Amino acid sequence: MSQWDLSPFYSSVEAWEEDLKKLPAHIEHLASFKGKLSDLQSFRAFYVAEEETNKLMYRLYGYIHLASDLNLKDTVTSSKNQQLMLMFSDLGQKTSFVAPELIAMGEEKVMSFVQSDDFLKT
Amino acid sequence: MEKLFLQQKHVLSADQENLLANFGATRSVPSSLYQALAIIDRQDEKVTLSDGKELTITQSNYRSLLAETASAEDRKLIFEAAFKRYKDNKAAFASAYNLVLQQLSANYKSRNYESALEAALFRNNIPTSVFHNLKDVAYENTSHIKRYIQLRKKHLKLETYHTYDRFLKLARDDSKYSFETARNLFFEAIDGMDPHYVAHQKDALLNGYVDAYPKDGKRTGAYSSGLYGFHPYILLNHDDTLDAVFTLAHEAGHSAHTIFSNENQPMAMADYTIFVAEIASTFNEHVLLDYLIKKSTTKEQKIDLLEKAIDGIMATFFRQTLFATYEYEANKLVEQGVPITYQSLSKIMIDLYKHYYDIDITTENGKEYVWAYIPHLFYTPFYVYQYATSYSASLKIYDNVKKQVPQAMENFIGLLKSGGSDYPVNQAAKAGADLTNKETFMAVIERFKSLVDQLEKVLEE
Chain W
118 MSQWDLSPFY SSVEAWEEDL KKLPAHIEHL ASFKGKLSDL QSFRAFYVAE
168 EETNKLMYRL YGYIHLASDL NLKDTVTSSK NQQLMLMFSD LGQKTSFVAP
218 ELIAMGEEKV MSFVQSDDFL KT
Chain C
442 MEKLFLQQKH VLSADQENLL ANFGATRSVP SSLYQALAII DRQDEKVTLS
492 DGKELTITQS NYRSLLAETA SAEDRKLIFE AAFKRYKDNK AAFASAYNLV
542 LQQLSANYKS RNYESALEAA LFRNNIPTSV FHNLKDVAYE NTSHIKRYIQ
592 LRKKHLKLET YHTYDRFLKL ARDDSKYSFE TARNLFFEAI DGMDPHYVAH
642 QKDALLNGYV DAYPKDGKRT GAYSSGLYGF HPYILLNHDD TLDAVFTLAH
692 EAGHSAHTIF SNENQPMAMA DYTIFVAEIA STFNEHVLLD YLIKKSTTKE
742 QKIDLLEKAI DGIMATFFRQ TLFATYEYEA NKLVEQGVPI TYQSLSKIMI
792 DLYKHYYDID ITTENGKEYV WAYIPHLFYT PFYVYQYATS YSASLKIYDN
842 VKKQVPQAME NFIGLLKSGG SDYPVNQAAK AGADLTNKET FMAVIERFKS
892 LVDQLEKVLE E
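Each protein sequence line maps, in turn, to chains W and C. Here this note's numbering runs 117 ahead of the position in the first sequence, where the first position is 1. Here this note's numbering runs 441 ahead of the position in the second sequence, where the first position is 1.
Take these hints with a grain of salt, some might be off.
Claimed, not checked - Partner residues aside, some chain W positions facing chain C, computed with beta carbon under 7 angstroms:
no. : residue
1   : 120
2   : 122
3   : 168
4   : 175
5   : 179
6   : 183
7   : 186
8   : 187
9   : 188
10  : 189
11  : 190
12  : 192
13  : 236
What the hints assert, rightly or not - Distance condition first, Cα-Cα at most 27 angstroms in a straight line; then the derived DSS-like pairs of lysine-lysine:
no. : chain 1 : residue 1 : chain 2 : residue 2
14  : C       : 795       : C       : 525
15  : W       : 190       : C       : 659
16  : C       : 450       : W       : 226
17  : W       : 172       : C       : 531
18  : C       : 487       : C       : 531
19  : W       : 190       : W       : 211
20  : C       : 450       : C       : 525
21  : W       : 172       : C       : 858
22  : C       : 450       : W       : 211
23  : C       : 858       : W       : 238
24  : C       : 450       : W       : 238
25  : C       : 450       : W       : 151
26  : C       : 795       : C       : 598
27  : C       : 598       : W       : 197
28  : C       : 844       : W       : 153
29  : W       : 238       : C       : 871
30  : C       : 735       : C       : 617
31  : W       : 190       : C       : 656
32  : C       : 898       : C       : 844
33  : C       : 659       : C       : 643
34  : W       : 139       : W       : 172
What the hints contain is simulated information worked out from the structure, not anything from laboratory work. Predicted model only: the values in this text are computed from it and were never measured. Note that CB positions come from ideal geometry on N, CA and C, so glycine has one too.
Using the sequences and the hints, build the whole thing.
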């Protein structure tokens with residue numbers, strides 16, 4: 118057996134497509150934290166939500182990028198790959214508020230938030 | 442998050458950041474311009490060889506053609522066809538590169554850095570002394586390169602040695618290695634090393650996680666793809682050659698690194714930089730090479746392996762450092778207000794090739810435009826030096842392990858486990874390779890000298 122088994126990600130492209138439908142809600146949820154990071158509760162909630170979104174993204178990305186690399190001529194997988202990339206760039210744009218917001222809060226405050234919570238510490 | 446605040450000194454006020462952001466879209470212009478010039482608008486040249494055979498010379502076939510072509514006249518034709526694009530468009534390429542340099546300059550000045558180099562290295566908190574140590578050690582130790590070139594010239598029976606003769610082989614060992622054979626050979630090479638290390642190398646190559654052979658439509662080349670929460674996958678295009686055995690060992694090193702990191706780090710800290718990634722992968726190449734040299738029985742095999750080891754250092758250490766030095770010198774021209782033209786860029790390369798290899802590249806039609814041939818210089822400035830630093834670090838670490846320096850292997854595994862939880866130079870130092878110390882780079886020079894000595898001995902036997 119010298120071929121990939123992609124079933125640890127999804128059993129089929131259909132299962133991948135089902136999961137993709139969940140991504141936009143994740144993105145909107147993260148975007149809703151804009152202007153709220155200076156509050157400890159929302160700060161924590163944001164990073165918990167971000168980790169959940171990352172887990173979903175890794176699974177979606179893992180499957181489709183490997184599947185399309187196995188056959189670049191397959192237009193179905195390559196267009197789905199592009200579709201996912203567009204959603205990633207949407208995510209990047211809608212969470213671009215994070216770095217400036219943290220800098221505006223100042224290192225002292227951000228680090229005190231991080232130190233106050235076991236989840237954030239890691 | 443600490444990294445964000447480390448950069449704070451170089452983050453400007455909201456107004457100023459906004460102003461700079463308006464120029465954001467112009468940043469990708471040098472890359473797209475280069476792509477247009479070098480790839481999209483490229484017309485592949487046709488040549489007629491001395492036996493009457495007509496060939497189309499492309500970016501992907503010219504190296505293997507040069508390796509297989511016995512006639513010096515034909516090799517000249519092939520080389521010139523491959524480099525014609527850069528020669529014909531030298532002014533346009535120089536203009537595109539000037540844009541790269543001017544952007545680097547505008548960026549470092551706007552963001553309060555001392556130089557373009559400092560700004561580029563700052564992202565991973567790499568001291569500029571690391572870059573200078575590498576550059577200086579390579580520059581001061583080129584005598585063995587010249588000795589190696591003379592040795593090649595003599596045994597390949599060449600009248601003149603050209604830069605493109607580096608693809609010729611001193612010996613041909615046509616042994617074939619199937620994927621299964623290659624995998625077993627690598628397992629034999631690591632046999633007896635730290636059990637945890639061996640276990641993860643084997644995990645990396647488990648069935649289902651390696652796609653071994655080329656197929657129609659499959660992506661070319663090789664990679665290891667690691668995502669947090671999942672077992673890493675390896676893509677190969679295994680062609681049964683000795684090179685393919687090394688590629689397998691290299692990619693297994695990446696996957697094992699991912700497994701160690703993911704096991705020991707939380708999601709946010711697991712991702713490692715290319716700086717440490719290439720330490721994990723090239724370490725395996727050293728292990729495999731040493732094992733194969735020890736195991737080799739025929740003169741042909743010995744020559745083939747020694748040449749491979751030497752060419753590895755030539756390509757990864759010296760050549761990449763030469764290009765990094767070119768980048769440094771070109772940026773210096775901008776700092777000094779010297780106009781950037783194809784002449785001034787070529788001048789840097791002509792001097793460096795003369796110094797490193799004792800070859801006058803103006804005698805090779807097109808070679809002085811080699812700065813236009815390397816896409817990394819346009820796409821990702823101050824990137825290629827990392828190939829040389831990582832190679833030096835892994836060689837030093839492997840040396841420590843071989844000499845049974847106490848804790849050497851444990852410290853290396855510590856690096857593999859640490860993922861992206863620390864800055865790369867600290868990670869390497871903890872693993873036994875202090876890149877702020879010139880000695881680490883000198884270890885590569887020592888190894889290079891010893892390999893050339895060994896090759897000379899076998900060739901003269």
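So, going through the hints one by one against the coordinates:
1. 120: Result: holds, 5 angstroms to nearest chain C Cβ.
2. 122: Since chain C brings a Cβ to about 4 angstroms from residue 122 of chain W, closer than 7 angstroms, the hint holds.
3. 168: holds, 6 angstroms
4. 175: With Cβ-Cβ at 4 angstroms, under 7 angstroms, it holds.
5. 179: OK, holds: residue 179 of chain W within 7 angstroms of chain C, min 5 angstroms.
6. 183: Holds, because the Cβ-Cβ distance from residue 183 of chain W to chain C comes to roughly 6 angstroms (cut-off 7 angstroms).
7. 186: holds, 4 angstroms
8. 187: holds, 6 angstroms
9. 188: holds, 4 angstroms
10. 189: Holds, about 5 angstroms.
11. 190: holds, 4 angstroms
12. 192: This interface hint is violated because 11 angstroms lies over the 7 angstroms limit.
13. 236: With Cβ-Cβ at 9 angstroms, over 7 angstroms, it is violated.
14. C/795 - C/525: This hinted pair holds, its Cα atoms lying about 22 angstroms apart.
15. W/190 - C/659: holds, 8 angstroms
16. C/450 - W/226: Between residue 450 of chain C and residue 226 of chain W the Cα gap is close to 17 angstroms, so the pair holds against 27 angstroms.
17. W/172 - C/531: Distance ~47 angstroms between residue 172 of chain W and residue 531 of chain C Cα, so the pair is violated.
18. C/487 - C/531: holds, 20 angstroms
19. W/190 - W/211: violated, 32 angstroms
20. C/450 - C/525: Distance ~45 angstroms between residue 450 of chain C and residue 525 of chain C Cα, so the pair is violated.
21. W/172 - C/858: holds, 21 angstroms
22. C/450 - W/211: holds, 25 angstroms
23. C/858 - W/238: The hint holds at about 18 angstroms.
24. C/450 - W/238: holds, 24 angstroms
25. C/450 - W/151: The hint holds at about 24 angstroms.
26. C/795 - C/598: holds, 22 angstroms
27. C/598 - W/197: violated, 55 angstroms
28. C/844 - W/153: Measuring from Cα to Cα gives roughly 56 angstroms; hence the hint is violated.
29. W/238 - C/871: At roughly 23 angstroms apart (the allowed maximum being 27 angstroms), residue 871 of chain C and residue 238 of chain W satisfy the hint.
30. C/735 - C/617: holds, 19 angstroms
31. W/190 - C/656: holds, 11 angstroms
32. C/898 - C/844: holds, 24 angstroms
33. C/659 - C/643: holds, 25 angstroms
34. W/139 - W/172: holds, 12 angstroms
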